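Colleague: Protein chains in written order, with numbering that gives the first Met the number 0: chain R, 0 to 243; chain C, 0 to 941; chain V, 0 to 343.
Everything labelled a hint here was simulated from the structure, so no lab data went into it. For clarity, every value in this text was computed on a predicted model and none was experimentally measured. Be a bit skeptical, because a hint or two may be false.
In silico DSSO-like links for lysine-lysine, alpha-carbon gap of 27 Å or less [stated by the list, open to error]:
no., chain 1, residue 1, chain 2, residue 2
1, V, Lys23, R, Lys30
2, R, Lys233, V, Lys23
3, C, Lys116, C, Lys221
4, C, Lys221, C, Lys346
5, C, Lys86, C, Lys42
6, C, Lys152, C, Lys165
7, V, Lys175, R, Lys233
8, V, Lys75, V, Lys190
9, V, Lys327, R, Lys30
10, V, Lys107, R, Lys233
11, V, Lys190, V, Lys338
12, V, Lys339, V, Lys193
13, C, Lys165, C, Lys88
14, R, Lys30, V, Lys190
15, V, Lys317, V, Lys327
16, V, Lys317, V, Lys200
17, C, Lys185, C, Lys86
18, R, Lys217, R, Lys190
19, C, Lys239, C, Lys221
20, R, Lys233, V, Lys17
21, R, Lys207, C, Lys42
22, R, Lys233, V, Lys327
23, R, Lys86, C, Lys17
24, V, Lys200, R, Lys30
25, V, Lys75, R, Lys30
26, V, Lys190, R, Lys233
27, R, Lys199, R, Lys30
28, C, Lys640, C, Lys486
29, C, Lys239, C, Lys382
30, C, Lys544, C, Lys640
31, V, Lys338, V, Lys17
32, C, Lys682, R, Lys199
33, R, Lys30, V, Lys317
34, V, Lys175, V, Lys200
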Amino acid sequence: MEFISPEGLRLDGRRPHEMRQLHAEVGVVAKADGSALFEMGNTKVIAAVYGPHEVQIHSQQLHDQALVRCEYSMAAFSTGERRRRGKSDRRAMELSLVIRQTLEAAILTHLMPRSQIDIFVQVLQADGGTRAACINAASMALADAGIPMRDLVVSCAAGYLNSTPLLDLNYIEDSGGGPDLTVGIFPKLDKVSLLQMDSKLSTDLFEKVLTLAMEGSKAIAEYMRQMLLENTQKLAFARGTLKR
Amino acid sequence: MLSNKSFVRKTRHGRVIKVVREHYLRDDISCGALFCPQCDTSKAALRQTAENILVVDTNVVLHQMDLLENEIISDVVVLSVVLEEVKNKNLSLYNRLRAIIDNPTRHFFVFANEHHKDTYIKALAGETPNDRNDRAIRVATQWYQEHLGPSAKVILLTNDMDNRSKARESGIISETVQAYVQSLGKPELLDLVARSDAMDIDKNEAEDLRPNKKAVVYAEHKVMSEITAGLHQGRYHQGKLRVNRYNPFVAYVGSESVGEEILINGRQDMNRAFDGDVVAVELLPQSLLPGSQAVKIADRDDEEEEEEPVGLVPASADDAPQESQVQENSQLTGSNRPCGRVIGIIKRNWRQYCGSLEPMKMPGGSGGNVHALFVSADRRIPKIRIQTRQLANLIDKRIIASVDSWEPNSRYPSGHYVRTIGDIGDRATESDVLLIENDINSRPFADAVLACLPPLPWSVSDQDLLHQQRQDLRNLCVFSVDPIGCKDIDDALHCKLMPNGLYEVGVHIADVTNFVHPGTPLDEEASQRGTSVYMVERRIDMLPKPLTEDICSLRADVERLAFSVLWEMTAEAEIVSVSFTKSIIKSSAALSYVEAQARMDDSRLEDALTADLRNMNRLAKIMRQRRIERGALTLASPEVKFEIDTETHDPLDVGMYQVREANQMVEEFMLAANISVAEKILKHFPAYSLLRRHPVPTPNMFEPLLRTAAAVGVHLDISSSKALADSLDHAVGDDPYFNKLIRILATRCMTQAVYFCSGELSLPEFHHYGLAAPLYTHFTSPIRRYADVIVHRLLAAALGLSNLPPQFRDRSTLTSISDNLNYRHRNAQMAGRASVELHTLIFFKNRPMDAEARIVKIQSNGFIVFVPKFGIEGPVYLIGKGASKIASGSTSECSWVVDEEMQTVRASDGNCTFRVLDVTHVHIEVVEPQPNRPKLQLTLVS
Amino acid sequence: MRGLQFELESGQQRRVSKAQERLKDAAGSVHAAAFVNVGDTIQVDHEAGFLRGHGTQVVNGELLATVCGIVERVNKLVSVRPLRAKYNPETGDVVVGRITEVAPKRWKVDVNCRQDAQLMLSAVNLPGGIQRRRTAVDELNMRSLYEENDIISAEVQSLYQDGSLHLHTRSLKYGKLENGQLVTVAPYLIKRLKQHFHHLKQYGVDLILGCNGYVWIAAPSESGKSSVSDTPMDLSNDHGSEMSSKRSTTLIPSAQEDGKRDLSDDDKVRDSITRELRERICRLANAVRVLAALGLLIFVESIIDTYEVSLSWDTAVKDMLAAEFCIKIVEREAEHRDKKELAI
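Extracted from the complex, chain R is given alone in its bound form (with noise of 0.2 Å):
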């Protein structure tokens, strides 16, 4: 299948090296203690954060840093076809624990011992990248909570279709059988905190579809930092600065 037109279009009008339209949104959730919903395109991911609070579960409790759980569900009505998706089924399973994994990476878990943080995804709508979504809704919510981290998370896929790196894929690309690579980085540390490529990819080939992700994350980061910017600033303008 033609992925990119001869003309550098791909099937979404966009080229190689560009990423869908972002949209993101900071306090989606009133009950929860942090939130945000992020869109990359049509891919809508809402993320709630609560903690840190009392570990649930004596047993788990770790007396030096916080237990982070996490919890990826996919709505119902998020794809084409509507299906009753489980939480426990395996493609959940994986992905609730590489976004723990990734964002446990990043929080200062030591500094909230005992406590426990409760992150829940759940995907609106899927058309691709849902798990570099999901990261990036994740790691905006636990900001928003405010949560200590060592840097924002910020994910972002790229793939290799047509003999062409491409950013960012959407779903009729993905399902277009190439490589899928998941990137997750500290943009202000320049560390990677999650790499993930299920296919065979060679090395100098990987390396330009990691380097095109990991630069597609940077500018997402830009993106999401400005967005939270936005909402310090709105909640400190709103609450009446303490003057000193």
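Start from chain R and add chains C and V according to the hints.
Modeller: Only chains C and V this time, still in chain R's reference frame:
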């Protein structure tokens, strides 16, 4: 730069699924005019000097491709909406259009109007997709005119009246294709313009040419929605129509919903479907079923009656008319094969056809527009009515024509002339026809391809010598054994007795991949050609001549680069170890099979080379024996060899190809090398190896063989290849040729071996039935097969000598490559066979002769004979029109009793009986029952 | 607007953003550079040296923020204060909490903190006087004092290194809360003030603004009795009366008797809360909710102000959470601050 517009689309996929896709509109899409001051002109193609900038609509592309391919049409804007529609409707036309666009001298430009912010439109409420696309084309045309300003004249070419009038309303200059071509003032171009309804002025004119024929009116095709509904309800059945190669009035539709092939009998029921079309079929009620005699050789339809042609023996089940096998099955089981009739065509498979015009009287006043009937060389294709102004030029030429439409009230499809190949009957022309019909690219290599070759004269450089990974094997006594006159020597051998009593045996293959690098035009071209094609009088190379005959060819006494497989073998031919390396060799002798055989047989010769040959031959015999014990089949194919006049290239003599021990020796080591390489690459690339498999034939493919064998009292066990091989060994008749004949019959029951990507199948399916090898690939002929080039690269990557090219890491790419290779390989074989047939024809044209023949099959009106000497096979008619006047049955009243079950034919007076595999004598001559279609005719000689 | 569920029309949307714009201008005092995101570098004078405070980390000699918030500098100490975060306790804070668990010799209390706070049995006043020894019997009867899901007011007694905090209720004004509504808001909206207990005489309603963002609005506990008053109380004076008034029970009642009396007691109190009083409580609670949703600072004056405005606009209690009222409050607030700025 991005703006976002998502739209909702509903698709039917069993259920209704809502599909939401993003659609980004951009402002950075260039208009493609070289003179445009605003846009980026780096990729622009449209010239200011052009008189007009043309915008074409979808139907123009779909119907007038031959015109677009003509040089005169240039500076054309192809809108992405048009491109997309063409792609969905007809992929081959899309590829042709792409080829034009890619050609920089044609000045075609693709404008992505669907993603341009000013030219994207949303469908209005109630607007059909077609109307919406037409509007999009108009909007884009208008945009062009406004964007380019008055300096350029933008013309919308469309044959749709409604579209044209709407365009004119909004101020767009719009023309029909005919009007535009006329305005160019080149009348001969009008022949290229496809006929459309609007210009189909006088239908009667064509009919008048055949006054004794009344118009055959076909049933209207059902509308698409009805077909879809019918398919859904199970009233209709969908499948690909295949016309019987030997009888164009019978076709079959393989339908999944029915589970077996549906028989379509007669042009009426075929209802304007062509071979290869995807059609919807309605089953006929049982009462209308024609009896089992329906499968008699020809239709009752007028003088177009067809007979089974005399041709070469089918090499495998793929070539043999499979229908007839199935047919016989159904006859045995009581003939309840479903019959049907085509009620609609889902997808056309029209292409360009080679053929000639039916001879006709020259109408008065040359240069006028006349209708003529085009007769395709492919018998499955009906005659095509074309219009031409140059009848006098075309009448004795082989030409190419393509089909435009087939109206229900027209007996024949209408089409148009595309180009001329050459004079009818000219050997070169007929050869070209074969190449074109088999989709073989015989054009000389492009400059870009030739530019990839190393400069000549080439010799092994110091760099090659010093290369760490290249082993210097020049000290070995390497030699090659090939057919006489072989110039592209891609394999060489050596054999050395080592001090430890083991033999070191090496197979050295030309290191083609050292010169053909992935991604280069040379590689692309080779990958497209897939294989060299061997015609009787010429060879169409996969790689340019300097490579095949010089740089890569492992000729004697020159240093050459090679890729070597080296074994250590015991004297019992047990492989102790195997290694692979790139190497430098210097062949000490380029022997022919005859020479090699002579050396081995000549007991006086005691030189080192001969000793090596004998050693190898001994090892090869053991290996061969072991292979046969494993169950490898020794099959036979009646290959013939022509002696060609060096000047006229006409065949002088023909004879069976002789297989010597030397051939088998070389073959044995090549097989071993291929198997060793297959194991190696599969180990390293379990999902990305290119292998070759030979599927196990299904029992019913053996049906005809078993029946024939049973008729002569031979029992064959087909339960496994081993069992078959054994029973073939035991099938020894009273004459020496009997066994070979049985083997020939067995060979044609099998399908061809095919290339495949190892990731697509599971390990048990990799099996090669004919060779009884669990793994097999092609490694030994990279000069003439592209599959070997791929395998070379895989092996090099497996050895860590180079990186695996990225496209090999993609399973789907590899699969599409292997599909292409299979296609090219099959076509090359077909073309080769057709070439032999052509030469057989030329050979017999001036020398009708008698020859010994064997009956291979008895059928209702005669029998099929096989002439071993010339490798030809064809029918001998006893009953019916084509019946031969045999001396014994001197009058036409003589009748024959055919017993198909027992495979015997008896004369009613009982004094003459023919049984299958009997020896007869036939007379071979060339007749021309239909103009421009000469064929061989076999008649019985008492 | 967190916590309120309504769709804004485009006109309303415009008004909101305009008001927010005005709020931004009005605030004025925070420099844009004072806001940082997670991972942002904080400018510090490296030569003079700095002390790393909360919400920061040092990576390769650079001071980075670990939360989104406002940079605060006190001498050499540089810290980042997040806005939305869990309650960060300080000793002496008045908090409202909910008992989550009765554990050996302690209650666990949810105070919107990283961990549940601990209220030791030794940190409560037991009937019978402060000097009483805690016996095993007392331990067994802890539930008769506070049981699960009871809401209490308390004071932060001490903080520990591992993040745990201890409360005490050793004062008359602390203890179990009844007959009211709990509204939870983000802790950053509540300022630490001298006074967190309020008796709003004009409405006859008690208000506790817990530093942890839990706001308690209730009918006054027992008629006329002001355990909650405008003036701070002398704690030592009132022990006796607290005991008698708040809970005139011994710690070891016969189970049957106790149950019965409690029941009748509760009924009596419930009856005593009139419909008008309930409405006033609800209106106050909604005022708090609206302020919280708008992110405006919550203190007695702002609550009363919102309450009064809602009355003067004739807004029904339920309509206070609708879009129109919220927008008007923002606009009013913006105007208010504009004026203040002018005055300055």
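Colleague: Next step is simple, just say for each hint if it's right about the structure.
Modeller: Verification of the supplied hints:
no.: 1; hint: V:Lys23 with R:Lys30; verdict: holds, 26 Å
no.: 2; hint: R:Lys233 with V:Lys23; verdict: holds, 8 Å
no.: 3; hint: C:Lys116 with C:Lys221; verdict: violated, 40 Å
no.: 4; hint: C:Lys221 with C:Lys346; verdict: holds, 13 Å
no.: 5; hint: C:Lys86 with C:Lys42; verdict: holds, 23 Å
no.: 6; hint: C:Lys152 with C:Lys165; verdict: holds, 18 Å
no.: 7; hint: V:Lys175 with R:Lys233; verdict: violated, 37 Å
no.: 8; hint: V:Lys75 with V:Lys190; verdict: holds, 24 Å
no.: 9; hint: V:Lys327 with R:Lys30; verdict: holds, 24 Å
no.: 10; hint: V:Lys107 with R:Lys233; verdict: violated, 35 Å
no.: 11; hint: V:Lys190 with V:Lys338; verdict: holds, 22 Å
no.: 12; hint: V:Lys339 with V:Lys193; verdict: holds, 24 Å
no.: 13; hint: C:Lys165 with C:Lys88; verdict: holds, 25 Å
no.: 14; hint: R:Lys30 with V:Lys190; verdict: holds, 21 Å
no.: 15; hint: V:Lys317 with V:Lys327; verdict: holds, 15 Å
no.: 16; hint: V:Lys317 with V:Lys200; verdict: holds, 23 Å
no.: 17; hint: C:Lys185 with C:Lys86; verdict: violated, 30 Å
no.: 18; hint: R:Lys217 with R:Lys190; verdict: holds, 12 Å
no.: 19; hint: C:Lys239 with C:Lys221; verdict: holds, 17 Å
no.: 20; hint: R:Lys233 with V:Lys17; verdict: holds, 12 Å
no.: 21; hint: R:Lys207 with C:Lys42; verdict: holds, 25 Å
no.: 22; hint: R:Lys233 with V:Lys327; verdict: holds, 18 Å
no.: 23; hint: R:Lys86 with C:Lys17; verdict: holds, 24 Å
no.: 24; hint: V:Lys200 with R:Lys30; verdict: violated, 32 Å
no.: 25; hint: V:Lys75 with R:Lys30; verdict: violated, 37 Å
no.: 26; hint: V:Lys190 with R:Lys233; verdict: holds, 18 Å
no.: 27; hint: R:Lys199 with R:Lys30; verdict: violated, 43 Å
no.: 28; hint: C:Lys640 with C:Lys486; verdict: holds, 18 Å
no.: 29; hint: C:Lys239 with C:Lys382; verdict: holds, 21 Å
no.: 30; hint: C:Lys544 with C:Lys640; verdict: holds, 24 Å
no.: 31; hint: V:Lys338 with V:Lys17; verdict: holds, 16 Å
no.: 32; hint: C:Lys682 with R:Lys199; verdict: holds, 16 Å
no.: 33; hint: R:Lys30 with V:Lys317; verdict: holds, 20 Å
no.: 34; hint: V:Lys175 with V:Lys200; verdict: holds, 21 Å
Violated hints, listed in ascending order, are 3, 7, 10, 17, 24, 25, 27; each of the other numbered hints is respected by the structure.
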